[in-house]
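Novice: Below are the chains, spelled out letter by letter.
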Amino acid sequence: MADSRGLSRDDDALAADFIARRPDGLSRVYERYAALLAGVAGHVLGERAAAEDCLHDALLRVWQTPDSYRPERGSLRAFLVACVRNEAMSRLRGGGRRVERERRASALETVTLEPVEPADPVDAARVRAALARLPGEQRLVIESAYFDNLTQAQIAARLGLPLGTVKGRVALALRKLKVELAVEPR
Amino acid sequence: MSAHLDDDAELYALGLLEPESRARIDAHLATCDACLRLVGEAEETALQLAALLPVATPSPQSRARLLAAAGEPAPVRRLAWAGALAAALLLIALGGAWLQIGPARERRHASELAVATLVHSHFLHEAMETRAGAGGLAAKVVYARDGSWFYVLVDRAGGEIDVDATIAGRRWLAGAALREGDTATLLARPPARADSVELSRDGNVLASVRLRYR
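Note that the protein sequences, when read in sequence, are chains A and B. Taking this note's numbering, the leading residue of the first sequence gets 1, the next gets one more, and so forth. Taking this note's numbering, the leading residue of the second sequence gets 1, the next gets one more, and so forth.
Derived by calculation from the structure, the hints in this document are not laboratory data. One or more of the hints may lead you astray.
[As the list claims (entries may be wrong)] These stretches of chain A come out as covered by chain B in the derived footprint (C-beta under 8 Å, 3 or more residues):
no., segment
1, 43 to 56
2, 64 to 73
3, 76 to 83
A virtual CB, placed ideally from N, CA and C, is assigned to each residue, including glycine.
Build the full structure now, drawing on both the sequences and the hints.
Specialist: Set out below in structure tokens:
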């Protein structure tokens with residue numbers, strides 16, 4: 001049985017074991033979320049070894065840091081995805097891919113989501129529909145940030161906007177996306 | 001108490017902040033439940049964007065390395081209480097099947113996904129060309145006409161198989177094929193149409209094929 005966030009009792013039990021640092025807590029978290037987390041890291045870093053290193057370091061850090069996750073925050077899954085993505089983005093910023101990303105930012109590439117066929121087509125269609133309902137300028141900043149993995153400065157350069165405007169627009173776009181995702185399909 | 005978050009909650013969730021800013025926010029979140037909930041809400045929304053990303057299968061070594069680093073016993077060591085002899089006898093009695101409990105769940109999910117994908121798609125297939133040193137390995141790639149997925153099937157795998165693709169001249173990691181006996185499979189969903197697929201082990205190419213969309 002899953003709730004409105006798509007979470008099951010298994011997720012809740014897993015989170016409880018993770019918080020208590022029970023002996024097989026990390027192993028079970030890995031079993032349940034590794035494919036999702038590796039996909040997130042792989043999307044940013046693009047190479048298997050780099051993605052696995054990123055996953056390793058991010059999971060080890062949150063496991064070894066007491067109170068790194070509290071249930072008041074939200075789901076463990078969302079927290080771990082954010083941790084892995086942040087770790088991956090840090091590595092991307094510090095790695096040798098800067099030149100490539102700047103090339104992509106300056107080329108004003110059109111972001112196309114259609115070719116991506118994720119694990120759950122129904123869920124993906126719902127998210128695509130919600131993104132499509134965003135105002136164009138908001139959709140563009142979300143796509144630049146999340147799917148093209150650009151930094152705030154790169155988004156500003158791509159769109160010709162001041163940095164402060166980008167920051168505000170990204171935040172507004174994510175809040176609007178939350179509203180759109182809550183809309184039931186007709 | 002440090003300042004409450006404003007737009008930083010969303011930027012944090014999307015991975016747009018530098019490590020120094022994140023560390024400052026983490027310190028604040030430890031003492032501020034209101035901001036913790038704001039970040040959590042933003043992370044739940046960002047999580048849904050991940051539904052548009054292809055999932056990947058990390059290598060078994062990756063899992064073992066993490067558990068070892070965390071000091072968490074690997075499954076085989078959980079039977080230490082019974083002694084090495086008892087564990088060995090149990091392994092023999094069960095044909096090693098108990099070791100597959102975790103992977104089996106993952107495999108069942110992957111298998112269901114592959115069946116559903118194939119049944120609802122139009123697809124093509126190509127046999128892979130094997131290289132010297134591939135042993136008796138034989139492999140085929142079944143792939144969607146629109147390039148949205150490909151499914152690698154390997155017979156006589158002879159060990160772990162890594163699957164990579166070339167997309168617009170760049171390498172893309174698909175993951176480690178899931179082994180079942182001496183066969184292995186992997187359903188991959190590349191970010192764009194794959195031009196070719198390659199199998200390797202320990203960095204040595206075993207087989208490759210160019211995908212022709214027609």
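Novice: Now tell me if each hint is right for this structure.
Specialist: Okay, the hints, checked on the actual structure:
With 9 residues carrying a beta carbon less than 8 Å from a beta carbon of chain B, the segment 43 to 56 of chain A meets the three-residue requirement, and the given coverage holds. Interface restraint, the segment 64 to 73 of chain A with chain B: holds (5 residues with C-beta to C-beta distance below 8 Å; minimum three). A stretch counts as covered by a chain when three or more of its residues have a beta carbon under 8 Å from one of that chain; for the segment 76 to 83 of chain A and chain B the count is 5, and the coverage holds.
Hint check: no violations occur; every hint is consistent with the structure.
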